[in-house]
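Trainee: Chain by chain, the residues run as shown.
2 protein chains.
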Amino acid sequence: MQQSMRLAVLGAGGLGRAAVKIISQKKSLSLAAICDSKGYAYNPAGLDLEELSELQAGQSVADVSKDGKLSSDPINEIIQIGSSHIDGIFIALPNLPNAFMADTLKRFIDAGFECAFTDALKRTSAMEMLLKLSQELKQVKSTYITGAGASPGLLTAAAVIAAQSYISIDKVDIWWGVGISNWQEYKATVREDIGHLDGYDINCANAMSDAQVEELLERRDGKLELRNMEHADDVLLELAQVVDSRDKVSVGGIIDTRNAKKPVSTTMTLTGKTFDGKTSSHRFILGDDTSMAANVVGPALGYLKRARWLKDNGLYGIYGSTEFMPMMVA
Amino acid sequence: MQQSMRLAVLGAGGLGRAAVKIISQKKSLSLAAICDSKGYAYNPAGLDLEELSELQAGQSVADVSKDGKLSSDPINEIIQIGSSHIDGIFIALPNLPNAFMADTLKRFIDAGFECAFTDALKRTSAMEMLLKLSQELKQVKSTYITGAGASPGLLTAAAVIAAQSYISIDKVDIWWGVGISNWQEYKATVREDIGHLDGYDINCANAMSDAQVEELLERRDGKLELRNMEHADDVLLELAQVVDSRDKVSVGGIIDTRNAKKPVSTTMTLTGKTFDGKTSSHRFILGDDTSMAANVVGPALGYLKRARWLKDNGLYGIYGSTEFMPMMVA
Chain A
1 MQQSMRLAVL GAGGLGRAAV KIISQKKSLS LAAICDSKGY AYNPAGLDLE
51 ELSELQAGQS VADVSKDGKL SSDPINEIIQ IGSSHIDGIF IALPNLPNAF
101 MADTLKRFID AGFECAFTDA LKRTSAMEML LKLSQELKQV KSTYITGAGA
151 SPGLLTAAAV IAAQSYISID KVDIWWGVGI SNWQEYKATV REDIGHLDGY
201 DINCANAMSD AQVEELLERR DGKLELRNME HADDVLLELA QVVDSRDKVS
251 VGGIIDTRNA KKPVSTTMTL TGKTFDGKTS SHRFILGDDT SMAANVVGPA
301 LGYLKRARWL KDNGLYGIYG STEFMPMMVA
Chain B
1 MQQSMRLAVL GAGGLGRAAV KIISQKKSLS LAAICDSKGY AYNPAGLDLE
51 ELSELQAGQS VADVSKDGKL SSDPINEIIQ IGSSHIDGIF IALPNLPNAF
101 MADTLKRFID AGFECAFTDA LKRTSAMEML LKLSQELKQV KSTYITGAGA
151 SPGLLTAAAV IAAQSYISID KVDIWWGVGI SNWQEYKATV REDIGHLDGY
201 DINCANAMSD AQVEELLERR DGKLELRNME HADDVLLELA QVVDSRDKVS
251 VGGIIDTRNA KKPVSTTMTL TGKTFDGKTS SHRFILGDDT SMAANVVGPA
301 LGYLKRARWL KDNGLYGIYG STEFMPMMVA
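The listed protein sequences correspond, in order, to chains A and B. Heads up: the first sequence at position 46 corresponds to 46 in my numbering, and the numbers run straight through without jumps. Heads up: the second sequence at position 252 corresponds to 252 in my numbering, and the numbers run straight through without jumps.
Certain hints may be false.
[Stated by the list, open to error] Examples of chain A residues toward chain B, derived with CB under 8 Å: (1) 99; (2) 103; (3) 158; (4) 163; (5) 199; (6) 200; (7) 203; (8) 206; (9) 239; (10) 240; (11) 250; (12) 289; (13) 326.
These are computed hints drawn from the structure, not numbers from a lab. All values derive from a computational prediction rather than experimental measurement. Quick reminder that beta carbons are idealized off the backbone N, C-alpha and C, glycines included.
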């Protein structure tokens with residue numbers, strides 16, 4: 001690994017744009033490449049992050065970066081750069097359809113691209129598809145930490161820590177609040193959330209026009225309340241043996257799409273039984289002034305540094321964010 | 001490693017006795033050996049934990065276990081068992097004087113004892129002595145996770161997770177509440193706490209008779225309030241690069257020695273600045289009905305499983321509880 005860790009970010013939506021801003025504040029990171037659905041930008045000496053920080057929703061990196069180019073297959077352009085120029089990849093793709101993340105990783109594997117990876121994947125079924133690639137990933141000496149955002153990610157890891165005090169775990173309850181002042185900044189995220197509402201699924205949410213999304217939000221005063229979401233916290237906590245059944249994990253929350261202030265404090269509550277026969281709960285509560293972007297992208301980069309560390313120490317394959325500590329990025 | 005992980009516990013004070021009870025409730029663990037200052041007990045097929053669970057404060061394992069023997073050097077007896085019969089060692093020694101933990105580990109190293117280790121070490125200076133042995137420990141292919149209790153341990157690890165949301169960390173504040181119904185169950189712990197009071201140090205606290213401790217507690221209505229304690233959370237968070245200076249970490253709390261109910265909820269609060277310019281705080285709050293023993297020994301065993309995993313994967317040396325996730329123990 002170089003003095004500075006050279007990153008590629010796949011995706012330039014809300015999370016990708018936040019990643020650009022965070023990387024620009026980290027001395028030990030540089031951004032070598034970024035792509036979106038229309039194009040990519042690459043500079044082996046590091047992209048101009050000030051320029052990229054101006055990227056607005058709906059724009060392509062190909063338009064705003066002096067190193068940008070349009071492409072019909074931007075992910076392939078990143079693969080063609082080759083792994084000798086990239087130390088870590090944060091996959092910040094919207095992950096629609098469900099198999100998109102696994103299919104994308106498969107392309108890197110098939111190209112023999114040897115690297116460290118993280119994602120901010122949310123849905124259980126998408127993660128299950130991804131986890132099947134662990135053996136293939138080992139063959140190309142790569143290391144991938146999945147579910148490395150906030151939920152799953154930060155909150156799920158906190159559940160593993162909390163679980164240590166107990167002999168058995170009764171339930172893990174994640175209840176989040178997200179406030180965004182303009183839903184159009186997070187189009188993919190909001191559509192994913194709509195996909196969790198009763199009567200909707202991810203495909204029909206993805207097929208909705210912006211006007212239809214607006215209309216749905218209007219009917220609900222800008223707020224979506226979601227219960228029993230399909231969130232991969234369940235599979236990660238089952239894999240880490242925190243729960244003996246994923247039914248013991250529930251994820252839900254409220255997103256306010258018209259107010260940057262969170263409607264509720266995001267809280268992970270783990271309830272279990274202690275060796276001395278007590279039932280009790282540990283809680284991990286996120287500060288209300290931390291944005292979704294801070295709580296997702298910060299951990300994803302911290303886990304990316306850990307994934308690189310694991311790779312450099314010969315530990316390959318796919319791991320959950322529940323299995324290793326994220327590392328601080330200077 | 002065998003089907004069941006064969007442990008040795010060094011120390012049979014409050015923490016050692018809690019370890020016996022927790023191990024007896026874990027299918028995947030067995031206790032091969034335990035020692036205290038007067039003797040030890042060893043059975044390669046696993047000690048009788050029901051028998052050992054009856055151990056009272058002041059008694060020696062040599063007296064209550066049918067496999068028990070008196071010894072003038074109980075730690076040496078454990079060393080003589082040899083590392084082919086022990087998969088992991090939890091060092092639950094009172095750590096008085098300061099160099100005791102490092103000296104003990106040195107004895108294992110000098111004997112070429114190849115194993116996984118954890119401790120529930122508290123004081124910064126004791127941990128600094130220990131950390132210096134990392135290279136020597138690597139030579140004997142052993143792995144040691146230090147500060148694997150509650151503070152440092154559970155709460156410090158939660159701080160590393162929490163820190164991921166922030167660009168820079170202003171402070172980490174650990175404020176604990178401990179309630180014990182009878183201080184004589186935790187003589188060493190209470191003396192360590194007294195050593196943190198103004199006008200006391202660890203040596204004079206250690207030299208106090210039980211009657212003197214009683215008298216001090218009587219004057220304070222059974223409660224000790226401690227601020228700016230020398231706790232190794234600071235060195236661990238500095239090592240993990242969560243803080244750029246250990247002065248940003250403060251540890252304190254209240255121990256009530258006459259009431260099992262906690263006088264305050266144990267809370268880790270991490271305050272930092274986000275990439276988008278906000279100052280905010282994440283909190284990790286332990287359930288009031290979890291005892292000190294549950295919050296210290298549970299993590300220590302979870303980290304011991306991780307230490308063994310690291311060793312089995314060729315990663316040797318001394319690590320902090322801030323560097324790796326503990327693992328669940330079935």
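Trainee: For the hint on residue 239 (chain A), does the least C-beta distance to chain B fall short of 8 Å?
Mentor: Not OK, violated: residue 239 (chain A) not within 8 Å of chain B, min 10 Å.
Trainee: Quick one, is the residue 163 (chain A) hint okay against chain B at 8 Å, beta carbons?
Mentor: Interface hint status for residue 163 (chain A): holds (6 Å vs cutoff 8 Å).
Trainee: Answer holds if the nearest beta-carbon of chain B is closer than 8 Å to that of residue 250 (chain A); otherwise answer violated.
Mentor: For residue 250 (chain A), the interface hint is violated, since the closest Cβ of chain B sits about 18 Å away, which is over 8 Å.
Trainee: Measuring from the C-beta of residue 99 (chain A) to each C-beta in chain B, is the shortest one below 8 Å?
Mentor: violated (28 Å)
Trainee: Are residue 326 (chain A) and chain B close enough, Cβ to Cβ, to be under 8 Å, as the hint says?
Mentor: holds (5 Å)
Trainee: Holds or violated: the hint that residue 158 (chain A) contacts chain B, with Cβ atoms closer than 8 Å.
Mentor: With Cβ-Cβ at 5 Å, under 8 Å, it holds.
Trainee: So, as I understand it, the hint says residue 200 (chain A) touches chain B; can you test that by seeing if any CB pair is closer than 8 Å?
Mentor: violated (30 Å)
Trainee: Once the shortest beta carbon distance from residue 203 (chain A) to chain B is found, is it less than 8 Å?
Mentor: violated (32 Å)
Trainee: Verify the interface restraint on residue 206 (chain A): the C-beta must sit less than 8 Å from at least one C-beta of chain B.
Mentor: violated (28 Å)
Trainee: So, as I understand it, the hint says residue 103 (chain A) touches chain B; can you test that by seeing if any CB pair is closer than 8 Å?
Mentor: At about 28 Å, which exceeds the 8 Å cut-off, the nearest Cβ of chain B leaves the hint on residue 103 (chain A) violated.
Trainee: Does the interface hint hold: is residue 240 (chain A) within less than 8 Å of chain B, judged Cβ to Cβ?
Mentor: OK, holds: residue 240 (chain A) within 8 Å of chain B, min 6 Å.
Trainee: Given residue 199 (chain A) as an interface hint, is its Cβ closer than 8 Å to any Cβ of chain B?
Mentor: Hint on residue 199 (chain A): violated, closest Cβ of chain B at ~33 Å, above 8 Å.
In terms of the numbered hints stated before, the structure departs from hints 1, 2, 5, 6, 7, 8, 9, 11, listed from lowest to highest.
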